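Student: Sequence:
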Amino acid sequence: MKEDSLSCELSMRKTLATFPAHVSCLLFFTLLTRVSYFMAWPFLSIVLTRTWHLSPLQIGSMMSGCALVAVILGIYGGVLSDRLGRKKLLVLGCLLAIAGYTSIALANNIVLFAVGLLLTGISFSWIDAPSRALMSDLLVDRQRRELALQIRYFAINLAAVSGPLIGITFGLNSQKSTFLITALSYLPFLIFVLFAIPHTKGDNANREQGESIWRVIRLIGRDRIYLIALLCSILCYLVYAQIESTLPQYLLALDSARAVGLVTTILVTNAVTVLLVQLWLVKLMGAMSLIQRIVTGTVIFALSQLLFWVNDSTSALWWGFVAVIFSVAEAILLPNLSVLLDRLAPEKHRGAYLGASTLVILGLSLGPFVGGALLEWYGKAVFCVMAFGCLTITALLLINRSATNARLE
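Numbering (this note's numbering), first residue to last: 424 to 832.
Simulated from the structure, these hints should not be mistaken for lab results. Keep in mind the model is a prediction, meaning the values are calculated, not measured. Don't be surprised by glycine CBs; every beta carbon is placed ideally from N, CA and C. The reader is advised that the hints may include incorrect statements.
To be verified - When the alpha-carbon atoms are kept at most 16 angstroms apart in a straight line, the in silico EDC-like pairs for lysine to aspartate or glutamate are as follows:
1) K511 to D564
2) K510 to D551
3) K803 to D735
4) K803 to D646
5) K510 to D560
6) K437 to D564
Claimed, not checked - Computed Cβ-Cβ distance ranges for the label pairs, DEER-style:
7) L607 to V722: 37 to 47 angstroms
8) I614 to R647: 45 to 55 angstroms
9) Y801 to L642: 31 to 41 angstroms
10) S738 to F618: 34 to 44 angstroms
11) A440 to G709: 20 to 30 angstroms
12) N532 to A829: 52 to 62 angstroms
13) S600 to A440: 19 to 29 angstroms
14) P769 to L572: 39 to 49 angstroms
15) S600 to L572: 29 to 39 angstroms
16) L518 to A444: 18 to 28 angstroms
17) N532 to M711: 49 to 59 angstroms
18) L831 to A619: 38 to 48 angstroms
19) V722 to S447: 33 to 43 angstroms
Working from the sequences, and respecting the hints, build out all of it.
Tutor: Given below as structure tokens:
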């Protein structure tokens, strides 16, 4: 993996030159839409608190409900794109995104706001999966596909850096109207899909997919090692979700005047740190086994949650320091957990297993609800619970280390 990463880094420009124009455009529109998304979405809980005076539990329920819809439809997103064609599903996704973000921006009651959240959840599923599938269709060789996905991840993190900064610089953050910019960013994407992406007919063979879903569920349900790895990934994403949902609400309660600035500092520090340390960590931890890397990451993750818990300061410097620790853990955990799920998937049923791995997003879906409920009931002790969740991942991996390593060999 270390050699592959280094090779990609050295030959990136040369390989990029071989990308079809459609792939480059998809990567550009990913960056454009995510920049506008990060200008507004991280401050959503603050908007809901200030505008509608919702409790942390109510905010968590709304955000989790939206994300759960994305998870449920995301599992079938690839199948739908095969049946309907990538173009049709991307068009529907863009239209729903425009409608959803416009509803959020113009909502004068909480029901319309909730409808907007629901539409954005559906649109995410119907844009994200088909766009990745379309890139895979256009890039037939493995090396270019992997590089395209790496650049896509880099673009999303770059958007996470620039989005909040642009928002706070122009005074657009923590305002409902900012979501209009997000809606407008999908308009050129929609035009590109309508006029540049060729129409492809759906594959009728995939209509039988629904008949095999129970067989796939039974197959994976009997694989204890894989299920433990999947559970660890879900727990990891549940803890990770707190940085965009529960932590902003905690900071708002800690100091409402400085909350927006602190959230911006944390999110920008998070994205910048991940971008800077990821390749360095790959080299540094190259001699460690996969399980050792994940265990190291969970321990650091637990430490970051405990630092969230003990911190009553509103110092941007201190919160930035804690965000760096959180980000180092993230840079270790998220890619290595993905590698673990990929390597545990048997070759014969790789497609089914990798499809099941999308369930890790359940952690992101449940994170705002669980975090919001714990914050409302127990205050900042929510971060102690999250630290315990990290240590639970460590325990599960260590208990099953022998069986997992045997499977990986």
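Student: With reference to the structure, classify each hint as holding or not holding.
Tutor: Hint check:
1. A threshold of 16 angstroms between alpha carbons decides the hint, and for K511 with D564 the separation of about 25 angstroms lies outside it, so the pair is violated.
2. A hinted pair counts as satisfied when its Cα atoms are at most 16 angstroms apart, and K510 with D551 qualifies at roughly 13 angstroms.
3. For the proposed pair K803 and D735, the alpha carbon gap of about 10 angstroms is at most 16 angstroms, so the pair holds.
4. For the hint pairing K803 with D646, the CA-to-CA distance comes to about 37 angstroms; that exceeds 16 angstroms, so the pair is violated.
5. Between K510 and D560 the alpha-carbon distance is near 12 angstroms, which keeps this suggested pair within the 16 angstroms criterion.
6. Simply put, K437 and D564 have alpha-carbon atoms about 15 angstroms apart, close enough for the 16 angstroms limit, and the pair holds.
7. Taking the beta carbon of each, L607 and V722 are about 43 angstroms apart, inside 37 to 47 angstroms as hinted.
8. Between I614 and R647 the beta carbon distance is about 49 angstroms. The supplied range of 45 to 55 angstroms therefore holds.
9. Against the hinted window of 31 to 41 angstroms, the Cβ-Cβ separation of Y801 and L642 comes to about 39 angstroms, which satisfies the hint.
10. In this structure the supplied range 34 to 44 angstroms is violated for S738 paired with F618, their Cβ-Cβ distance being about 51 angstroms.
11. Taking the beta carbon of each, A440 and G709 are about 29 angstroms apart, inside 20 to 30 angstroms as hinted.
12. N532 and A829 have their C-beta atoms about 57 angstroms apart, which keeps the hinted 52 to 62 angstroms range intact.
13. Taken as a hint, the range 19 to 29 angstroms is violated for the pair S600 and A440, whose Cβ atoms sit roughly 40 angstroms apart.
14. The hinted range of 39 to 49 angstroms is not satisfied by P769 and L572, whose Cβ atoms lie roughly 22 angstroms apart.
15. Checking the proposed 29 to 39 angstroms range against S600 and L572 shows it holds: the Cβ atoms sit about 34 angstroms from each other.
16. Look at L518 against A444: about 24 angstroms separates their beta carbons, and that is inside 18 to 28 angstroms.
17. A C-beta distance of roughly 53 angstroms is found between N532 and M711, which places it inside the suggested range of 49 to 59 angstroms.
18. The hinted range of 38 to 48 angstroms is satisfied by L831 and A619, whose Cβ atoms lie roughly 42 angstroms apart.
19. At roughly 40 angstroms, the beta carbons of V722 and S447 sit within the given window of 33 to 43 angstroms.
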